[in-house]
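Please construct the entire structure, taking both the sequences and the accompanying hints into account.
In terms of our numbering, the sequence shown opens at residue 136 and continues consecutively.
Treat each hint with caution, since some may be false.
[As the list claims (entries may be wrong)] Straight-line alpha carbon distances no greater than 25 Å define the calculated SDA-like cross-link-like pairs of lysine to any residue that follow:
1. 160 to 217
2. 173 to 185
3. 194 to 214
4. 208 to 166
5. 194 to 211
6. 208 to 181
7. 208 to 156
8. 160 to 147
9. 160 to 148
10. 209 to 199
Since the hints were made in silico from the structure, they are not lab data.
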Amino acid sequence: MTNLETILVVDDTAAVLTVVVAILKAANFDVLQASSGKMAIRLSADYAGTIHLLLSDVKMPETSGPELGELLKKSRPIGAQLRLGFHQQTVRTAKVSGDGQRRSPHPRQVTRQ
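So this is what it looks like as structure tokens:
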């Protein structure tokens, strides 16, 4: 089966990046991965194909997910942007459900270009 879509995944947490990339590759996506906004900008500049989705952490040390999306849009079209993240307050107030699993709201931002 041929990979038809490319996803640029950007997250400064190595464990999150590793898991997300593995899941997307198992689903047969082409995946570009970066651990920072700067690395993502370099990868984007060097990649000749289409990037169909930017999947990024909302809050990263150098460049936030929204800032990264704006920077990348200046140099190339990105099919869509999905930003994932949560605030520390959300983690502190997360509830434990009856089945023992932690449940917390997970804010999402989706921007269609």
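Hint check results:
no.	hint	verdict
1	160 to 217	holds, 17 Å
2	173 to 185	holds, 19 Å
3	194 to 214	holds, 21 Å
4	208 to 166	holds, 18 Å
5	194 to 211	holds, 22 Å
6	208 to 181	holds, 15 Å
7	208 to 156	holds, 22 Å
8	160 to 147	holds, 19 Å
9	160 to 148	holds, 18 Å
10	209 to 199	holds, 16 Å
Hint compliance for this structure: every hint is met.
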